Every structure is written in structure tokens, then in C-alpha cells.
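Two independent chains are provided; combine them into the complex using the hints.
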Amino acid sequence: MAQTLDVLTETPSQTAGPYVHIGCIPSFAGLEGVYPEDLGTSPISDGAKGEIVTITGSVYDGTGWALRDAMIESWQADAAGRFPGQEDADPNVSGFCRFAADKESGEFTLRTVKPGPTKGRNGLVFAPHIALWIVARGINTGLQTRIYFEDEDNSADPLLARIEQRPRVETLIAKKTSAGAYRYDIRLQGTGETVFLDL
Amino acid sequence: MSDNGVLMPRRREAHPDAYYPDYKTSVTRAPSLPLLSMEATPSEETGPRFGHGLIGALDNDLIRNYATGEGLAIGERIRVHGRVLDETGRPVPETLVEIWQANAGGRYRHVKDSYFAPLDPNFGGCGRTLTDAEGRYEFMTIRPGAYPWPNRANDWRPMHIHFSIFGHAFGQRLISQMYFEGDPLIERCPIAATIRDRSQLDRLVAPLDMQNSRGMDYLAYRFDIVLRGRRQTMFENKPEGM
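So the protein lines, in turn, are chains A and B. Note that UniProt numbering gives residue 177 to position 177 of the first sequence, counting from 1, and the numbers run on in steps of one. Note that UniProt numbering gives residue 60 to position 60 of the second sequence, counting from 1, and the numbers run on in steps of one.
Here chain B stands alone, though its shape is the one from the complex (with noise of 0.2 Å):
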């Protein structure tokens, strides 16, 4: 196998803090020591692939995937697209990206969601997918509300949704939320407030996107994320037994 480069390191200054008092939970769970940093070794640079088998024919279709009969999830209908690239600008092909988020109501179908917005019957919360060749995902499904979150006496989470992607090393391995284009909550949210850059903060604000809408049927929003790229060289030295 040959040596397909260096993991860039982490640029950690664009990432969260992981110590912000005003997200509570923080405080007691960030690190208080430095990270050890070194290059990147085979444990980061190889990872888990999975194939087309794995994925079902809805699993991208939040708005059916929990669904009976020809019940579909209430609320806004929406299409979710985008790229995966790496920091060099390369399309990351077949990898899984993965989706989770409230209903319209603002509920999770978790055991430890206590909020008091229903639940919709046809309404599971979680999706997945393969990226193309190109790199590209959508997921159809519906716009999450917002909701209230034990925090200071009256926080509340901007509307969202998680996304937990692979790559193709485990060292490229991301999880991060999506906010939506105008919502005034992003800025009173102390979750989105751990980012400190907010130049950062809105490269997870998705922008409407209505040339990729449907008439009488769904509005598109585009995300697009950008995973650790390998640093391509003439001059590394080659890994010995790869």
C-alpha cells in the first residue's frame, strides 16, 4: 500500500474550547491538561470503510424511514445536500455521513428527553448515507425546532442538525451540527458559542438554497464539510510494512 501522505494536523484554533462555562456541562468534562500532540501514525491515517450494503433504501428519507403505512414525519419538508471534501479541495468519495435531530416539535425520540412537545408517531430522527464518487450527500426530511435545554434558567438550542462523518482515516473522524441561514438563536446559543472564531461559527450555518428547492414540495438547504486532508509531499519517507 502505498503512502498516501501526512494527516495535516488538527487546526485546533478554528474547534471549539473544550472549557466554556457558560455550556455547564463543559466544566466538569474538558481536559484540563495540554493535548499531546505528534504526527499522525497508521492508527489516524487507516480507518473502518463501509459499502453501498450497509445502506437501505430510506435510510437517507427521514420524512419516511420511521414511517407505518403511508404516514409521513409533520413539519417543514426539507432537502439537506452538499460536498465532503478534504482541506486540499479533494471530493472524500463513499464515505458515511450520518444524521440525527429533533422533530418539528423540538422533541428527540431519546428516553432522557423530558421536554413536553409531542412526539410524532412517524418520526424516528436519525439517517445516514454514502457520499458519491464526487463526494456529494442530500437527506430529505424535516426542519427540527427549536427547543429549551437545562443550562442557564432560559437557554434554548437554534434549530439543528447533528452530523457525525467517517472519512477515510480515523483520524479524520468529525462530528459537528448544522444551524439554519437566519436563525436568531445561533447567537444566544452557548453551544455554538464554544466556537470562538465566528467566521468558523458560520461555516456551520446553512444557507437556503432555492435553485435546489421543489415547487410545491420541499426547500434545500446546502451544507458543505471539510475533513483533515494529507499533506502530499515528495519528501516523506515511505511507512515500512505498508
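Chain A on its own, in the form it takes in the complex (with noise of 0.2 Å):
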């Protein structure tokens, strides 16, 4: 026998399940008059610096099929790669969105700053991106993954640098569709499975 670690373990994730939209964005859900206003409607305020960038997209399962109960969110730095909290970061981003994906469609739209580059320890530098949460229905644990920018310099960053095969990198990138316009899909399963990440 040896001495008894006292590290506790992290609680058990289980589903959100389909009616995660009730808890976390009930004005959307139709339960307007619980709360003034949904947490998390956009992630900036007028005045925010830089550029203003719109991501559409959609979570499609292992069939093809666009998860229409998804709820997604995001958290990202400034556009000059602070995050809100460290010293002179952008007061007008609070960095947090909470996104759903249309009940009808099952498209989602988060528009935003597209954030500046970020410093990580022993001076790792992270390329622009926005990091995001994804839960719904058949997600036992909520997955992470990130969106970068097809016209940022990607070359150098240390996560996406670890993606052994290199088509897949691609699923991270957000292709430009329009001046100030992306499309970022996510697919859980199957050709073009997104990579999702354990950090």
C-alpha cells in the first residue's frame, strides 16, 4: 500500500440532452420573462476593435444530417489576442457567445471579432482563433474544437501542428465566402469528421 492521494476527480459529464436550450438560452427556447435576456446573445458590443467577421455553419451527424437541438459556444480573445479579464483587453469584448443551431435549418451564424494571435507558455504563439463547446442530444461529453482562418498565417501553430494527417487539418479552418464571411462546418462523424480536441 502506499499513502492516499487527495486529488479529487472532475464530476462525470452526461448529455445535455435535447432540451438543453430550457437551461442555458430559455428566451430561445420560448421561455421569455424567466431572466432579461439570454447569457451569452453575442460575444462583442458596438465599438469593439477590429474586424467584424460572421461564421455560418452547421453540426451534421455520421449520416449527413444537420443536428437541428445543438447548442454551441465560443470563446475567443480580442483582436489584439487578449482575452477579456487580462490586463488592456478590449472592454467592448466579453469573448463568450452562445449559439444554437436553427430548429428549422439547423445552420448557426456567430458573428463576432475575428481575434488576433495568442501567447501561450514557453512562448508558443496560437494563430487566430475561437474556441468552441458543443453539446446536444447524443453528446455524452461536451466537445472542444476550434475555428482558425482560412486567410491568417496557420503555418506555425503548435495545435494544428500536431494533426498527424494533414487533410484534416482542413475541418479546423474556416473557409472565406464573402468580405467578412465564413463557413465553418462540423461533422461528428464519418468523411470530414472534425478534429476535436482533449486540451
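Check the hints yourself; a few may be wrong.
Claimed, not checked - Chain A side only, calculated, beta carbon under 7 Å to chain B, not exhaustive:
hint: 1; residue: Ala2
hint: 2; residue: Leu5
hint: 3; residue: Thr11
hint: 4; residue: Gln14
hint: 5; residue: Pro18
hint: 6; residue: Ile22
hint: 7; residue: Pro26
hint: 8; residue: Phe96
hint: 9; residue: Thr118
hint: 10; residue: Gly120
hint: 11; residue: Leu188
hint: 12; residue: Thr191
Stated by the list, open to error - Capping the alpha-carbon separation at 25 Å, the derived lysine-lysine pairs in DSS-like fashion look like this:
hint: 13; chain 1: A; residue 1: Lys103; chain 2: B; residue 2: Lys24
hint: 14; chain 1: A; residue 1: Lys175; chain 2: A; residue 2: Lys49
hint: 15; chain 1: A; residue 1: Lys103; chain 2: A; residue 2: Lys49
hint: 16; chain 1: A; residue 1: Lys176; chain 2: A; residue 2: Lys49
hint: 17; chain 1: A; residue 1: Lys103; chain 2: B; residue 2: Lys112
hint: 18; chain 1: B; residue 1: Lys24; chain 2: B; residue 2: Lys112
To be verified - In silico negatives: residues of chain A with every beta carbon more than 12 Å from chain B:
hint: 19; residue: Gly47
hint: 20; residue: Thr56
hint: 21; residue: Met71
hint: 22; residue: Glu152
hint: 23; residue: Ala181
Since the hints were made in silico from the structure, they are not lab data. All of these numbers come straight from a predicted model, not from anything done at the bench. For each residue, glycine too, the CB sits at the ideal point set by N, CA and C.
Structure follows, in C-alpha cells:
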């Protein structure tokens, strides 16, 4: 026998289920009036510095069907690469957004500022990206992934560099469709499966 | 800003399997390729913070937060309370906890819920609160009903409350479910069974807490939550520019 460790273990996850909207975005779910407004309706407010971008996409299951019941959260730095709460961060960037797939089409839209490169430990620099967390019925633990941008220099990004099968890097890169507009689809399973993260 | 330490990696073996055929919806929604693992970065180690200004007086009282006039939600009155800690055992103060649940008859107030149990006009089914300086939280609500759901021919969800917890870092983000001590449907639920390790599932079962119940008013259930911790060491390099 050895000494007992006093480290706890994270509470296990369970699926968010089909009614996650009631708890997280009740007004979207038709429960108006419980809260003044849903949390995280926009990651920016008027006056946010930087390029405003709109990212549109869908979350597809293994059969190619777009989920109608997914909820996504995003978290990002401001245009200078500073996270909210850090010194000199843009006060008009909350950095956090909650958005849901449309109940009819399954399409989501995220309107935000394009983040700047961010600095990590040991001198690592990450190309501009937005962290995503996806929950839905049938997803037992929330899925982490990232949006990178095709018109940024992603060549030295330490996370993308770790993807062995190079064509899979493309699953994390939003494609420009017009000025300030990008397409970014998430494929949960099968051909073109998105790279999901554990970090 | 000083380095608060690297987020401890998620212990995936304590979490549910992504692919679990008895939970049919997981079959087409589970990634088939491995997750890409690496040490957490600032995108996971920072996160949104919410202040007391967000929280309304009745936000953590589901018996009254959707009721009109003097009305109250129908059902067995319960108080659900506990602490949010991290893996080092430290309390997580001032963090947002959100819950949602079915009403006493097992029906959600959601357009997609077609179960014929009636809606309660005085029950919405969502609540939120911030933990205090010691990581404590509490809700007043009614005990949700069990309900049938379209999976196998006769599957029933045990009574449960959905929990969403933020922590202080986006990488701590967690959604889970609280079950009730003694519910025989837990054993029969394919969603509960997605957690392979029974001792981990037991951590989602809230015990009846008579000492924190109030006579002639409510029963209490205790539900503690643990979020990912941060590894404290003198040997990590400091992040640059933070």
C-alpha cells in the first residue's frame, strides 16, 4: 500500500439532452421572462476593435444530417490577442457567445471580431482562433474544437502542427465566402470528421 | 497576470463513452476518431466570468421564478444544495451554476416535448445562481418526475436535474445530471449507463439530506460538483505576455 492521494476527480459528464435550451438559452426556447435576456447573445458590443466577421455553419451527424438541437459556446481573445479580464483587453469584447442550430434549418451563425494571435507558455504563439464547445442530445461529453481562418497564417500554429493527417487540418479552418463572411461546418463522425480536442 | 497553473488533463475514463449503442442517438453523434490531446493553452485556461448583476432575486427559486401572482409550482418541494470544488479540493467561488428540469409530472416546457403529462402553468423549469466565496450554491425547486422517452421501446429517464457549470476557465466547462438517491430507474437508464465506472455514476446520485431539510416545508438533497483543477508547481515556465 502507498499513501492516499488527496486529488479529487472531475464530476463525470452527462449529455445535455434535447432540452438544453431551456436551461441555457430559455428565451430562445420560448421561456421568455424568466431572465431579462439569454446569456451570451453576443461576444462583442458596439465599438469592439477589429474586423467584424460572421461565421455560418452546421453540425452534421454521421449520416450527414444537420443537427437541429445542438448548442454551441465560443470563447476567444480580442483583436489584439488579449482575453477578457487580461490587462488592456478590449472592454467591448466579452469573448463569450452561446448560439444554437436553427430549429428548422440546423444552421448557426456567430458574429464576432476576428481574434488576434495569442501567446501561451514557453513562447508558443497560436494563430487566431475561436474555441468551441458543442453539446447536444447524443453527445455524452461536450466536444471541444476550434475555428481557425483560411486567410490567416496558420503555418506555425502548435495545435494544428500536431495533426498527423494533414488533410484533417482543413476541418478546423473556416473558409472565406465573401468579405467578412466565413463557412465553418462541424462533422461529428465519418468522412471529413472534425478534429475534436482534449486539452 | 500570474500563471495559475496548467489545467489538469481530463480523466476521460471517468467520463461517459461517446459511443454507447443502447443510447441510440449517440450512435451517429459520437466521433469515431481519437481526440487530439495536448496541454491546455490560454483558450482553455481563461474563461467568461459573470457578476452578481446578472442574477435576479428569484433566479435560484424554480418554485416561484415562473409563477404568476401568488402561484407556486406543483410538486414535492425540495432544496438542492452543495459545493463546487476543483480537483485540488479548493472551492470555486463566484461561478455560474445553471439548472433545468422537467416538472413534477415529467414534462419539459419545450416545444419538442410531446409527452402528454400536463404542463404546470407556474413552472418554467430553469434556474441559475452564483456560488459564494466557499463555492456553495442552493436552489429551491420541485422534484422532477420520471418520464418515458423515445429510445428503446420502454425506456424511462430517472428523476434528474440537468446542471451546467462554468468554473473560471473555458476548459472547465461541464454539463452533467443529478439523480436522486434510491431511484430504481437509475439502474435501467441507458444514459446513466454511458458512464462505465459505477463508482463514478454514484457521484451523480444526490443523497437525501434530512439535516438540511425543513419540517413542514422542504426536503434537501446534497449535490457536490468537482471541476478540473490546475497543477501547481514551481517548475512550470510563466506564460509570455500574460
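Going down the list of hints, with the structure as the test:
1. Interface hint at Ala2/A: violated, since its Cβ lies 19 Å from the closest Cβ of chain B, which is beyond the 7 Å cut-off.
2. A distance limit of 7 Å between C-beta atoms decides the matter here; for Leu5/A the minimum to chain B is near 10 Å, and the interface restraint is violated.
3. The beta carbon of Thr11/A is positioned within 7 Å of a beta carbon in chain B (closest approach about 5 Å), and the interface hint is therefore held.
4. This hint holds: Gln14/A has a C-beta 4 Å from the nearest C-beta of chain B, less than the 7 Å allowed.
5. For Pro18/A, the interface hint holds, since its Cβ comes within 7 Å of a Cβ in chain B; the closest pair sits about 6 Å apart.
6. At its closest, the beta carbon of Ile22/A sits 4 Å from a beta carbon of chain B; the interface hint therefore holds under the 7 Å criterion.
7. Taking 7 Å as the C-beta cut-off, the interface hint given for Pro26/A holds, the closest approach to chain B being about 5 Å.
8. Taking 7 Å as the C-beta contact cut-off toward chain B, the hint placing Phe96/A at the interface holds, the least distance being around 4 Å.
9. Hint status for Thr118/A: holds, given a least beta-carbon distance of 5 Å to chain B, under 7 Å.
10. Of the supplied interface hints, the one on Gly120/A holds, with its beta-carbon coming within about 5 Å of a beta-carbon of chain B, less than 7 Å.
11. A cut of 7 Å between beta carbons decides the hint on Leu188/A: the least distance to chain B is about 5 Å, and the hint holds.
12. Taking 7 Å as the C-beta contact cut-off toward chain B, the hint placing Thr191/A at the interface is violated, the least distance being around 10 Å.
13. About 21 Å separates the Cα atoms of Lys103/A and Lys24/B, which keeps this hinted pair within 25 Å; it holds.
14. Between Lys175/A and Lys49/A, the direct Cα distance comes to roughly 22 Å. Compliance with the 25 Å bound is thereby established for this hinted pair.
15. Of the supplied pair hints, the one linking Lys103/A and Lys49/A is violated, its CA atoms being roughly 32 Å apart against a limit of 25 Å.
16. With a C-alpha separation of about 20 Å, the suggested pair Lys176/A and Lys49/A falls inside the 25 Å cut-off, and the hint holds.
17. The straight-line distance between the Cα atoms of Lys103/A and Lys112/B is roughly 10 Å, inside the 25 Å bound, and the hint therefore holds.
18. For the suggested pair Lys24/B and Lys112/B, the alpha carbons sit about 18 Å apart, so the restraint of at most 25 Å is met.
19. With a least CB separation of 19 Å from chain B, Gly47/A remains clear of the 12 Å interface cut-off, as annotated.
20. Once the 12 Å rule is applied to beta carbons, Thr56/A is consistent with being away from chain B; the minimum gap is 21 Å.
21. Listed as a non-interface residue, Met71/A fails to keep its Cβ farther than 12 Å from every Cβ of chain B; the least gap is roughly 9 Å.
22. No beta-carbon of chain B is positioned within 12 Å of the beta-carbon of Glu152/A; the least distance is around 15 Å.
23. Its beta-carbon lying about 23 Å from the closest one in chain B, Ala181/A satisfies the requirement of being farther than 12 Å from that chain.
Of the hints listed earlier, those the structure fails to meet are numbers 1, 2, 12, 15, 21, in rising order.
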